[in-house]
Every structure is written in structure tokens, then in C-alpha cells.
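K.L.:
Spelled out, the chains give:
Protein chains: 2
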Amino acid sequence: MEPGDAARLRPGRAARALPPRLLLLLLLLLMPPPLLLGRGLRAAAAASSSSGAAAEDSSAMEELATEKEAEESHRQDSVSLLTFILLLTLTILTIWLFKHRRVRFLHETGLAMIYGLIVGVILRYGTPATSGRDKSLSCTQEDRAFSTLLVNVSGKFFEYTLKGEISPGKVNSVEQNDMLRKVTFDPEVFFNILLPPIIFHAGYSLKKRHFFRNLGSILAYAFLGTAVSCFIIGNLMYGVVKLMKIVGQLSDKFYYTDCLFFGAIISATDPVTVLAIFNELHADVDLYALLFGESVLNDAVAIVLSSSIVAYQPAGLNTHAFDAAAFFKSVGIFLGIFSGSFTMGAVTGVVTADVTKFTKLHCFPLLETALFFLMSWSTFLLAEACGFTGVVAVLFCGITQAHYTYNNLSVESRSRTKQLFEVLHFLAENFIFSYMGLALFTFQKHVFSPVFIIGAFVAIFLGRAAHIYPLSFFLNLGRRHKIGWNFQHMMMFSGLRGAMAFALAIRDTASYARQMMFTTTLLIVFFTVWIIGGGTTPMLSWLNIRVGVEEPSEEDRNERRWQYFRVGVDPDQDPPPNNDSFQVLQGDGQDSARGNRTKQESAWLFRLWYSFDHNYLKPILTHSGPPLTTTLPAWCGLLARCLTSPQVYDNQEPLREEDSDLILTEGDLTLTYGDSTVTANGSSGSHTASTSLEGGRRTKSSSEEALERDLGVGDQKVSSRGTRLVFPQDDNA
Amino acid sequence: MEPGDAARLRPGRAARALPPRLLLLLLLLLMPPPLLLGRGLRAAAAASSSSGAAAEDSSAMEELATEKEAEESHRQDSVSLLTFILLLTLTILTIWLFKHRRVRFLHETGLAMIYGLIVGVILRYGTPATSGRDKSLSCTQEDRAFSTLLVNVSGKFFEYTLKGEISPGKVNSVEQNDMLRKVTFDPEVFFNILLPPIIFHAGYSLKKRHFFRNLGSILAYAFLGTAVSCFIIGNLMYGVVKLMKIVGQLSDKFYYTDCLFFGAIISATDPVTVLAIFNELHADVDLYALLFGESVLNDAVAIVLSSSIVAYQPAGLNTHAFDAAAFFKSVGIFLGIFSGSFTMGAVTGVVTADVTKFTKLHCFPLLETALFFLMSWSTFLLAEACGFTGVVAVLFCGITQAHYTYNNLSVESRSRTKQLFEVLHFLAENFIFSYMGLALFTFQKHVFSPVFIIGAFVAIFLGRAAHIYPLSFFLNLGRRHKIGWNFQHMMMFSGLRGAMAFALAIRDTASYARQMMFTTTLLIVFFTVWIIGGGTTPMLSWLNIRVGVEEPSEEDRNERRWQYFRVGVDPDQDPPPNNDSFQVLQGDGQDSARGNRTKQESAWLFRLWYSFDHNYLKPILTHSGPPLTTTLPAWCGLLARCLTSPQVYDNQEPLREEDSDLILTEGDLTLTYGDSTVTANGSSGSHTASTSLEGGRRTKSSSEEALERDLGVGDQKVSSRGTRLVFPQDDNA
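For the record, the sequence lines run as chains D and A.
UniProt numbering puts the first residue of the first sequence at 1, with every later residue one more than the last.
UniProt numbering puts the first residue of the second sequence at 1, with every later residue one more than the last.
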């Protein structure tokens, strides 16, 4: 790679590289002296401050004591953050080492967890327990805890903010380890700071082609599958809990709604490890798309589902009995929040697309990148401010940005934005996984219940099976490209849990049930990431899933580009009576082995969406053709002229879009390119060429030229009808 | 630029671009409905929750009320952050518009402030004042306010954290505007989150060449100048305050230490606007370096100086009298904190350099960038944890990273890190300036005192004059390239205040004096950024400062590359008696007009540093030559072999470093390249070529070849002495 590599092989003066761990150890050794020095300086400052025995002594002392405490608290915050940075640094260096040595059994997330565990052990058993600094006030308040308090301290007023509730058992514990508390974050940090970059990046880096190709299946797995999984796991766990109660292992209340909640949160899969390995080995792209799409969407579904379950509050004395009204209200809340968040995300994506389209911001990559970042972040805040779920909004914003805005960015901004979110994603994800490892030891309210844990493992296994196999069966009835048994097994196997399940579990650990669920979730995550993640590569070969599948190259794609099928025409019907004759093109390609093409219903929705997207949405939001002036009716003329950017007229090669290949395999489409319409019929199988246009714009798109080259057909007479031109059908059809 | 531009000129179908503000207005209009919808959903959820009249009603109600309040609080946080994002978005779009139309009278920071002002007005007079949610507890505590409180609410315990002190006058005010409070950040946010990226970027993007060339002057301006400025302004303000007391305009205490504190914080200059204009117009690079270097370092000095002044606590009854012991303690604290922070920063930079040198992380730009980011962030935390100043540490870390680590990064990582910090810097800076504009209206404790304000303007003017002119005079005694009058006037003019002064002022606004200072600082910042910043371009032409100065191109630099001067040799002395004969090279170039070169004392320290840096530090920390195995004595052999990377032996072109040109103009240096030593003598003026080597390594560096080409000299016999080769002196010398 580098010239230095050649030098390395040279004998004699080859230098021995210092192991990175050695450097880090040096760093650790270097840490204490400055810490002491610094503390010395501060102590000197404080001592000089407090040595003054002035008349204002007492209040000065109070001020200083408060200041000192605030300073000490700040110092501890810094140390705790430093701990995490050290963890992440170690993780990065070890990841490099693993990549260097091609180690695949342990992925970076699993590694981060291990390091978190180690540091957790050190913190738990290594740092001294200090006596609690809390002061208990015995004043009682009438009705509730306010969010801010004003406390009178000898005439001075201090403002306090509500942090949270403390369970009675822990209140009077003298031994409170300050360090452990400092490394324990407010769970909302996950939802407000750490998860958004991860989820946004997932949406923004979606491989659109295969995602949309398998959209129906992905939606089915994500929505129906998660609901099924939640229900089944919930019921199984309820049985386990009942068992525990009988056996006497249950110390406190554990309701059915709690079980359902557990089912919801544990249904959020996060197969990071598996996908990373798929990526590296270039495993089957459809399988990748299915897994990735499912995991990304079921995170969204799990959040909203768990919120809806929590919001389930039936009327009547028993707050945990079934109440149809409350049930439907929960369903309504689910739908409302989900669609609201979806809309927020889509709207922000659309606004960003329009802004980047109509300004020349692409001349200034810094401004463009900053704007992109701000708009994406604003989605989250907007959704949260409106009472929806920020993380879900951010997901759909990412998908929208990838689909529309990305095309408007300058080349430099594209790489800048991708890199920016990639770095944020990387740091946030490894941070969460480190924290998971840490939390096993630093979390002070664990409830380990072997029966529950074993029951949970069985439940998620069965839940996953009930999720994957039946759904795949039904999907295969409609899919052109069946999901084979080995794919289904792989999907079954890839049910890893990760960041989302953890974050949902840690969000509220006030009650006994929630604490038990949190502990169990943690262990499930550990097991699935380490054991199942580690077994991915062997499993891939055992299931004979092909790897090393390259995306078809540019030239291949060009050749197969003009394979069209007719839209919405039942192959058994006659052609429409308006004497249009349609081009018929059909080619061979990778789908020739895929069998029967006449089943169109499963792709109908998609094709409808795709035409709409291509003919209207993309022209509105990006610079791609066809120009709206040609596709919109005449009365929209003014609007069309406003929304069409001049670049469209130059851009006669819209098929450079990545997902154009979708039309090759999915069904019949009517697509308008520039002033030409190419319509294709799927039922007949002859080859015919498209031609250049007469009248209107005579510019030939290069793809048309390529096709003519490929198929060797000359000009043919075309008829013009309004703004659409249709081609005469070949006699062979 | 783009093909689309050509299309734009095409008549007929030219599209009318939607103005960006129109889009934003649309966004604003779209906001209310979702807000209402979302609130409706949440209300429905809450209503269904609270409709249950269960036995656990009261505690459930409490819980829900607390939850609702927490949720409402979260919602308001989101809305306040959204406000800032909107501000930043508007700023970005307007910046683009200004750049598009080449508007230079208003820089982005001034623009951000204006938008902040507008939104501040809207928030202050547009949002309804809501009654305070605070609950006043009348329980008294014995001695002090603890950082955490446990409050007993009907058997439940809630934890509260100390937020801050409230002045008695405001405690009972019924009208508290929640919105205003939500957009008022804890001042520590500036020091912990916003300032570090700005300062790091300043260090990382330092134009090293000119910075180091003017290092002495910059240090003088930054340290001595800031101290002088602080003292003068402090004293002048003390006079003003005394005047105010006599006139009866002073409502509360205002000590001498407060005046000195004001002097310290207001001495932190931030000529962002001026530098941006300099950059755009390519104004004189030395002036740029002086201004930039001074502003960056005096920020650091101002922070530590203000902390030292605050730490000044004399013994005895009068806490504000002069106490020599306390004074020297303050000085000691200043030196200790400054050097401690410097060391932290440098150490982290060095560790990062070593890690990137000895691992092959450059194969993985993502990992490398993430590591770089984490290590830089860790500087801050480390310094804070040790009790030093994080911002100062981060500055020196940035400089160190730019000087060493940058050379070890892969090409992609270099651009990634630069872009990452550029974006963070951009966002943070504009955020702070927006906040400044906002703070004029949202800050609820302003103290407007016309006498003080006018006095402050006069004081900073005089302080700047006392800072610039005398120092320049003394520096010119020693400088080769004098700082001309027009430069001095420009520097005098460029005393803009900005983010640092603001952050230091807002850090503690508890007392009357501090509030007055904060208000005054805000107004000073407004005035200097808008008026003085706006007047930069006219001032540049009025002072006849040349613009459009390009950095010498690569080829120019190559030609003049081999202009060396002898190190440490007094031109009046004889050459050293060891019969070494030295190469003498001297060329013409941009310095020929700069006059006398024999004054070497001012550059001695720099030259000493430069040799040390080039011969030892750079080889240890980067891949540049010369190899340590050649420069270190024999007993360090093992260490040298450990620390030398194999790339060094290939890297015979160390002069590709940016700052190598420094040696062309500064003085005499002995530099070792590979196994060759080129030593140059500044006093004589003849041209001689260097030659290739005999023995040892025979690889010719391309620069040597280039020189031979340029000067047309063939091989000459060289003598070898140990690991250094010296060249025979030309007879012309």
C-alpha cells in the first residue's frame, strides 16, 4: 500500500513498532502526577481563599464550600467522561488490530462491551465507597414534587432542579459510591444524544436499491413481525412470571402490561455484527437488505410500541385489566405517534431538499454541510417538541435525505455529510456498547432472576421463530424472488439485540419489574452479540449463503438498462383502445433464472410509488428530470416553472440513479425521460429499440444512444400526443 | 462553474428560483399545526392516564404530575434548542446570500448577532409571562447548600441538584417567563461545549509558517500586551467607578479587583471578522499571523488571568486590599495553571502523534479520525479533571496536532479531521454569537450604566493603544522585518471583542458588579463587531495595506529552497576551528527587500527551537527525517531504533514541510537530511550547490537534484565526520 511497506520488509534496520497498548499504559501512568499537581494548585487556591477570617466569614465560607463542591462535581464529571474516552480509544486501537489481523469472531461492538465490563469491574471494586453527600430534608410538601425548588439557607436562596425519584430502600444507605454514580447517565441521554446519530446514519446510508426492492417484505417483518414477536414473548413471559410467583421467586408485582412491555423492547433487533460481516464478505445483497431494513424499522416500531403500552391506562379500579377503550386508545396513540414522526422526518427532508435545490449552496460545502446537519437535527427537536418520537422522525428524515437531498449536494458535501454522520455514528454506537458493559457493574439496582432470564432466552427464540417463518411463508406466496430456507434460517439466527433494546430497558428502572427486565435485557444483549455474533461467519458457510457477490458493474447495468415491462396492463387483456402502440422490450439478465414474471400484484404498490416518485417527487425536490413543465398539466404551468431548475434540461441521463435498475425486474412502468416516454410491456418477450424523438427536444440521451448501439435499430417514426410521445410497437411483439 | 450556469443564461425557460426565506416562512407556517396535533395526542394520553380513579389515585396523580412536568420541561428544552437551530439556519442562508453578492460589511458573526437580537425581542415581548413554578421551602439548613437534596414528599423521596443562587430581589417575583429561562443556558455550557471546538480549530488551523516566524512578537503581544491592557483598563475603570460613586450612580459595591477582572476579560480580543476579510482579500500574511496569533493566545491568557484575579484572596479583614503574599500566590496560580494546561495539551498531542506514527491506522480513515477526535477531546477533560483550564489545553493540543500528528495522518484523514473541526467550529461560533444577540433581551439581570459604558469604551481604546504602540516599538528594535505604522494602526483598529470576552463575562453574574460588567461587555462586543468589523475593508485601503498577496507557489519555493544561513555563528566571528568548511548558500527572494540580515538575536531562540524540533522532535513524532539513528548518540541506539519508523529512510524529502521556508529567511541553521548535513552561513552571499554523498546512503533526495539542476554544480568531494557530513566551502564564500 504505502511505500513504507516495502521498507518494512527490508532486513536490517526494520524498526520495531511500539505496541499501542504500551503507549496507553504510559498515558495511564502519566495521569496521576498531573492530577496531584492540579489538585495541589486548586487546594492552594482554596486554602488561600479560606484562610481569610473576615467579618463576612460565614457566608464566604458557605459560598466557597458550595463552589468547592460544584468544582469537585465538575471534576468528577470530567473524570467519568475521560473514562469513556479511554474505553473508546482502547476499542478503536483494538478494532484496528483486529482488522489488521482479519479477526472476525469479535466485532467492534462486542469488543466495546468487553472493555466496558473490565472498566466496570475496576470501578466497582477498585474505587472507594464514599459517604453520601446528600442531605435529607424532612420537610414535607403538600402534594407533589416540583421541578424547581427554592431553598432558604440562612437568608440566601438557592435553586434546585428535580433530578428524579429515589427508591426508599436506597435512601438511607450510607455507602454511596460517588464514582459509580458519576458514570451512570440519565437514560434520556441515550434518546436525546446517542441514539439519533445512530438511527439517522442507518437511514442515510440505506442501500436504496435493495431496500426498495424488498420494501414490502421489510415492512411486513418490521410491523407485523414486531407485533407478533411482542405478543408472543409477552405471553410467554407472563407464563414464566406466573411460574415464578408460584415457586416464590417473585418479590414484587409484575403485571401483564409489564410483560408486554418487555416483549416490545426485546423485539428491537440490532444485528450490527452480522451486517458488518455481511458487508465485509459481500454476502447476498437481498439478505443484507432484508436484515438491515428490518432492524432499522423495527427499532422505530419498538419505541413507539413500548410508549403505547406504557400509555395503556384503563379506567376502573384495576389498572392492569383489559379495557377495550384503553386498548384502542393505545393503538391510536401508536398510529398517531408513528405517522406523526414519519411526517416530521419526511417534511424536514423535503424542506432540506428544496433549500439545497433552489440555492447555490453547493458552492460552499461548509455551509451546505452545516445546514444539512442542522436541518437533520431539527427534525429530532421538532418531533420531540410536538410530542412525537424524535428517533423515529430522524430515521425517516435520514431516508428522505438520502433519497432526495443527497442528489442536490455538491460532490464534496456528499462525502462530508457521509463522513460526518459516519464518525458520529461510530462514536455513539461504541459509546453505548461500552456503557452496556459498564452498566453490568455500575448499575446499582440489578435484579438477577435465573428463571426469568432462562425464560426470556427461550421466549425470544420462540418469538423470533414465530416472527420469521410464518411471515416468510406468506411473503413467499407473493414474492417473485422467494426467500429461501437458508435465508430464513440466517434471519432467524441474526436476531441480535443491541443499543435500542438496552436504551428502552434503561429508560425507566424505578420499579422491581423494570429492574428485572433491564438486567435480563443486558444479559441477552451480551449473549447475542458475543456468541451469536461470533458465530455468524461459520453460520454463513453452513447455510451455504453465497458471499463475494459484487454489485453489477456499470457496463453490465448499461446493457440491461432497457428492459421494460408494461405498466398496469393485465397481460391477458387487449391493449388499450386508443391505438397507442407500446414498445416492447425485454431482456435477459440476472432475473432470467427467477422464473415466472406474470405475478404483478406484489409489486403493484411499489411500481405505483416508483412512477409517482420518479415523475413528480424527484423533479420537485431534485435536479433530475423529467422537467415538471412536461409532466404536470397545463394549469400548473406557473408552479411547474417555479419548481423546475434549469439543470433539468441538461440532465438527460436520469437513469444514472442507483435505483433505476429496480424497474428492470419489478414490473411495468411508464417513465418519462425528458420529452420522451418509454413504456414497456412485460408479457411479450421481444427486443425492440427505442428511438430518438421528432419535434420537441431532439437531444438524445446517452442511454438511448447506448441502446441503439446495443440493439442496432435505426430511427422509427413516432407520434406525438401532448407532452408524451409513444413509440410504435414493433411487429414482433 | 456548473453546466447549469450555462443553462441559466438560456432565455425562455429560465426557472425562477424560490427565495430561501420563502421556504423558511413556509416552514414556520407549517410548525403550529403539528405542534397542536402533537399536544393533542399527548393530552389524550395524559387524559386517559389521569382519568383512572383508582385507589392509588393520589400517588399516581403525583407521579403523573411530576412526569407531565418533566415532559413539559423536556418539550420546552426542545423548543428552545429549535429556536437556536432556526437562528443558525437563517444565518447560514444569509451568509450564503452575502457571499453570493460579495457583501463584506457584515460578517457572519455580526449577522448571527442580529438574528439573535430579533429572536430575543420576539421572545421577550412576544411570549406570555407565566407564573413561576417554583415552590419556596421555608426550611432552613444549618450551614450550607448541598449539591444534592433529598426531599420527602408524602413518603416518596425525590432528588434535587443545586442549580445556583438566586438573588433575593428576584425570589418573589411572580412573573417568571419560562421561555426566557429555557433559552438561558448555564454559562458552563460555553466553557465545556462551545468554546473548545472554536479554540481547538484555531490551534489546528494555524498557519504555522508565519505564526512561527513571528512567534516572539506574538508571544509579546499576547502575554505582556494582555497584562498591560488588563492593568490599564482596570485602573481606568476604577477611576470611572469612583466617579460613579461620587455622582451617586453606583448602587452596590464595586471593588478594585472587580475592575481588574473586567480589564482581564475585556482584553480577550476576537477579530474574527477582520481575519475573515483578510483571508478573503489575501491581505498581508504577516499581519494576519500577528493578529491571529495574538487573538488566539490572548484568549488563553485572559481566561487564566481572570481565574487568577478571582483567586486573589488576601488575608485580613479587608478582602480587597493589597496583600503581597496573595498577589504572588495569584501570580503563581497563573503560571501554574497556564503551564499545566500547556503541558496537558502538548502531551496529548504528542501521544496522538506517536500512536498514529506507530500504528497503521492510516489505512482506516474512520478509525483514525475518531481516534484523533477522542484524543483531542480528552485533553480538555484531562485538564479539567486536574484542575487546569481545559480551553487553554485544547489550544496547545491543536497546535501540537497540527505540527506533528497531521503529518502522520493519511490524506483522507487530514481532510476529514480538518472538515470535522471546521464544521464544529462554524456551528459553535455562530451559536455563541446568536446567543449574544439573544442575551441582550433574555438576560434578566442587566445593569445599564451609561457612565460605566462610555468609560469602558474609552478605557479599551486607551488600553489597546497602550498595548500595541509601545510593544511594537520595542519589538521593532529587535525585528528584522519591522512592524510598520500602518500595521500598528490596523492592529489597533482590530481590537474586536467576541466569544471569549462574552463567555468570561457571563460565567458569573451573581453580583451587581458582575452584572454591570456583563451588560457593558455585551455592548462592547456589539459595537466592535458591527461597526469596527464593518469598517475593516475601508480601513485596509486607507492604511494602504497590500491585499491579494499570494503565497509563493510550489515552483518558486523549490527554486529558493536551498537558501541557508549558518547557525549560531556570529558573522563577525571566525568559523569554528575544527576545520569544517561550510556550505554557503544564499538566494534572493521575497526577503531581499527586507534589509539588514545580520541581526540574529531576535531569531536565536527560534532557530534553536527549530533545529531541535527538526532534528529530534519531528523524527520522534512523525515519519520525517532525519532518522534518529543518525542524530542520536550511540548509547541511545536501541531507543533510536525503536522510535524510528522505516518510512524515514524513504523519506528523503523532508523539505516538503510547509514551514521549511522559515529557514530561508530567519537565520542560520544546521539541518540534517538523511545522512547529509547542510549547513549554511548567512553572512556571506554566494551561491553554492550541495552535492550527493559518498559512502553511507547514496540516495539523492529530489531536492538535492533540484538544486543541482537549478545551480548547475557537479559533484564535489565531501568529507565524512561521524554521522554528519559537511560540505566543502566554496571558494567564493
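I should point out that these hints are in silico values taken from the structure, not numbers from a laboratory.
Since we're looking at a predicted model, the values are computed, not measured.
There's no promise every hint is true.
Note that identical chains are pooled: a pair holds if it fits in a single copy or bridges any two copies.
Listed next, the in silico DSS-like pairs over lysine-lysine satisfying Cα-Cα at most 30 Å (straight line) [as the list claims (entries may be wrong)]:
(1) 242 with 207
(2) 245 with 99
(3) 418 with 360
(4) 482 with 208
(5) 253 with 418
K.L.:
Which of the numbered hints above does this structure break?
P.N.:
Result: hints 1, 2 and 5 break, sorted rising.
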